[in-house]
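2 protein chains.
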Amino acid sequence: MSKLLIVGTVAFDAIETPFGKTDKILGGAGTFIGLSASTFGIKSGIVSVVGGDFPQEYLDMLEAKNIDTSGIEIVKDGKTFFWSGKYHNDMNSRDTLITELNVLEHFNPVVPETFKDSKIVMLGNLHPAIQMSVIKQMTKKPKLIVLDTMDFWMNVALEDLKAVIKEIDVITINDEEARQLSGEYSLVNAAKKIHEMGPKYVVIKKGEHGALLFSEGKMFYAPALPLAAVFDPTGAGDTFAGGFTGYLAKTDNISFDNMKNAVIYGSNLASFCVERFGTERMQSLTQQEIKDRLQQFKSLTQFDIELE
Amino acid sequence: MSKLLIVGTVAFDAIETPFGKTDKILGGAGTFIGLSASTFGIKSGIVSVVGGDFPQEYLDMLEAKNIDTSGIEIVKDGKTFFWSGKYHNDMNSRDTLITELNVLEHFNPVVPETFKDSKIVMLGNLHPAIQMSVIKQMTKKPKLIVLDTMDFWMNVALEDLKAVIKEIDVITINDEEARQLSGEYSLVNAAKKIHEMGPKYVVIKKGEHGALLFSEGKMFYAPALPLAAVFDPTGAGDTFAGGFTGYLAKTDNISFDNMKNAVIYGSNLASFCVERFGTERMQSLTQQEIKDRLQQFKSLTQFDIELE
Chain A
0 MSKLLIVGTV AFDAIETPFG KTDKILGGAG TFIGLSASTF GIKSGIVSVV
50 GGDFPQEYLD MLEAKNIDTS GIEIVKDGKT FFWSGKYHND MNSRDTLITE
100 LNVLEHFNPV VPETFKDSKI VMLGNLHPAI QMSVIKQMTK KPKLIVLDTM
150 DFWMNVALED LKAVIKEIDV ITINDEEARQ LSGEYSLVNA AKKIHEMGPK
200 YVVIKKGEHG ALLFSEGKMF YAPALPLAAV FDPTGAGDTF AGGFTGYLAK
250 TDNISFDNMK NAVIYGSNLA SFCVERFGTE RMQSLTQQEI KDRLQQFKSL
300 TQFDIELE
Chain E
0 MSKLLIVGTV AFDAIETPFG KTDKILGGAG TFIGLSASTF GIKSGIVSVV
50 GGDFPQEYLD MLEAKNIDTS GIEIVKDGKT FFWSGKYHND MNSRDTLITE
100 LNVLEHFNPV VPETFKDSKI VMLGNLHPAI QMSVIKQMTK KPKLIVLDTM
150 DFWMNVALED LKAVIKEIDV ITINDEEARQ LSGEYSLVNA AKKIHEMGPK
200 YVVIKKGEHG ALLFSEGKMF YAPALPLAAV FDPTGAGDTF AGGFTGYLAK
250 TDNISFDNMK NAVIYGSNLA SFCVERFGTE RMQSLTQQEI KDRLQQFKSL
300 TQFDIELE
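Chain order of the listed sequences is A and E. For the first sequence, numbering that gives the first Met the number 0 begins at 0 and goes up steadily by one. For the second sequence, numbering that gives the first Met the number 0 begins at 0 and goes up steadily by one.
One or more hints might be untrue.
For identical chains, the list gives no copy identity; a pair is met inside one copy or between any two copies.
Said to hold, decoys possible - For lysine-lysine, the following BS3-like pairs were computed, each having C-alpha atoms within a straight-line distance of at most 27 Å:
no. : residue 1 : residue 2
1   : Lys-191   : Lys-205
2   : Lys-290   : Lys-191
3   : Lys-297   : Lys-192
4   : Lys-140   : Lys-115
5   : Lys-192   : Lys-115
6   : Lys-140   : Lys-118
7   : Lys-2     : Lys-42
If you are wondering where the hints come from, they were derived from the structure by calculation, not from laboratory data. Keep in mind the model is a prediction, meaning the values are calculated, not measured.
Please construct the entire structure, taking both the sequences and the accompanying hints into account.
As structure tokens, this is what we get:
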């Protein structure tokens, strides 16, 4: 088992979908990654920042899941990062209604001493300079650094993004972003170009169409589980990343074959996340439910063609 | 091994893609289905109609692939169906430039005596009344009737379409069409509604995102092989259908587990079809190439998670 360091927002979200709307609820990439990774019973810690308005009970809930919160700085007179969004009827697109950076604006991540030797580092979607600052604080070279990012940083901080991409092992990115970053329409060619920018592994997330893992000419495809209803897609990508890194931390094996399993676990956990608003489903998830759904993933994808 | 009866257009296509354009070349759903199914070395026959302008060499080529062309009526003083289209840069959408129905306008399909007892029937995309007429000519109830259709028939002949859908076992349809036909956005719910309309099996084609097979609460997912370049998507769906039915005819087994293999074969063959203009790639395809690519499909999708 390896220690997992997670860097990402811990935040308030207010979400509107065709199924209803919420007040300010617990959200943030770091939160979703942490909850997802915690299903593997590993030792993980989140580096983030919140305001004095952030309820202690949320931190207690994370601690109860064996997630170390000592790296979550509390700015007493500040306000927690707040995002509000509204999903369209197809649930594949959304409008951002409110973004209040608040304490995130001056976030200076500090990695706790006990996590400076983490073998796996998951850098959630944040300014690439913040992601870089975390890498620089590691006292021992991690076995695997995984980075999530988005088009916003390509538009406003491309040079910083390119610099941090050079330093990491796995990038997770969606299909449109992979096309934007590489200038290639074909995802096969996009992955090749992104490899050349640094990361040995490229994970391309395609939302309801699943995720592709690329490395050195090898490819693996994990479908998303087709669902009767997607209730709230918020956090699905982060939950995927938490499942991916949580599984790798638990198994302490970063071979391509083991990464195949990791993307399946990521996809599996993401399929739960979207069943309820915010983190609700991830908080109540049981090991038996995870196992039952993995069985569904096997039925969905495994076939038996013999090739002589 | 079962006999396979194929009904579908045999036609001329003129295609323009970002990679180039063609004059009138061999096309048509029946042609693509036949060429794809022929890779299984089965006995198949095409029911269709062409004009006096249709080159004998094309018919000879089909016969050389062991495809019976006696059901292809030749209207000496008529012209062959002609379609011309132009693909956009993303290759996922296209504009129809020309549709000349010609001999197809008065097509009255006649199933040859030797194919009236076919165990597998593949009804390519045509007016649903024509599809129905073929079913009525069968002297022995087929083991499996597969129907392909499109949104056009939902718009202009919905009642005819609903009538024929009641009589068939498998429908192949794309995701948008499944949503239109069922009125359900979720593909899981769409498949359920379409089951209730008749077919026990529903295959939803998602283009570059693969295909889903549904039956009685069971689901299977066959990805499309991610390709560096898609040269010409024309005929990919028909090639999929030909691979699906060709494999089922060869193995003479319509269990759900065997249908999983059939959709993988369909997806495998479709991945070749798009590599060249028209039927070019399918005409030159070898058994070794098919086998090598199936190995790629296995690597792409098979994983090894043990569940106690």
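Now for the hints, and whether the structure bears them out:
Taking the shortest alpha-carbon separations for Lys-191 and Lys-205, both the intra-copy value of 17 Å and the inter-copy value of 24 Å come in at or below 27 Å. Taking the shortest alpha-carbon separations for Lys-290 and Lys-191, only the inter-copy value of 25 Å comes in at or below 27 Å, while the best intra-copy value is 34 Å. Taking identical chains as interchangeable, the C-alpha atoms of Lys-297 and Lys-192 lie at most 27 Å apart only when they sit on different chains, with a minimum of 25 Å there against 31 Å within one chain. Taking the shortest alpha-carbon separations for Lys-140 and Lys-115, only the intra-copy value of 9 Å comes in at or below 27 Å, while the best inter-copy value is 70 Å.
Taking the shortest Cα distances, Lys-192 and Lys-115 never come within 27 Å of each other, neither inside one copy (31 Å) nor across copies (54 Å). In the homo-oligomer, the alpha carbons of Lys-140 and Lys-118 lie at most 27 Å apart inside one protomer (8 Å), although the nearest pairing across protomers, at 63 Å, exceeds that limit. In this homomeric assembly, Lys-2 and Lys-42 come within 27 Å of each other (Cα to Cα) only inside a single copy, at 5 Å, whereas the closest approach across copies is 60 Å.
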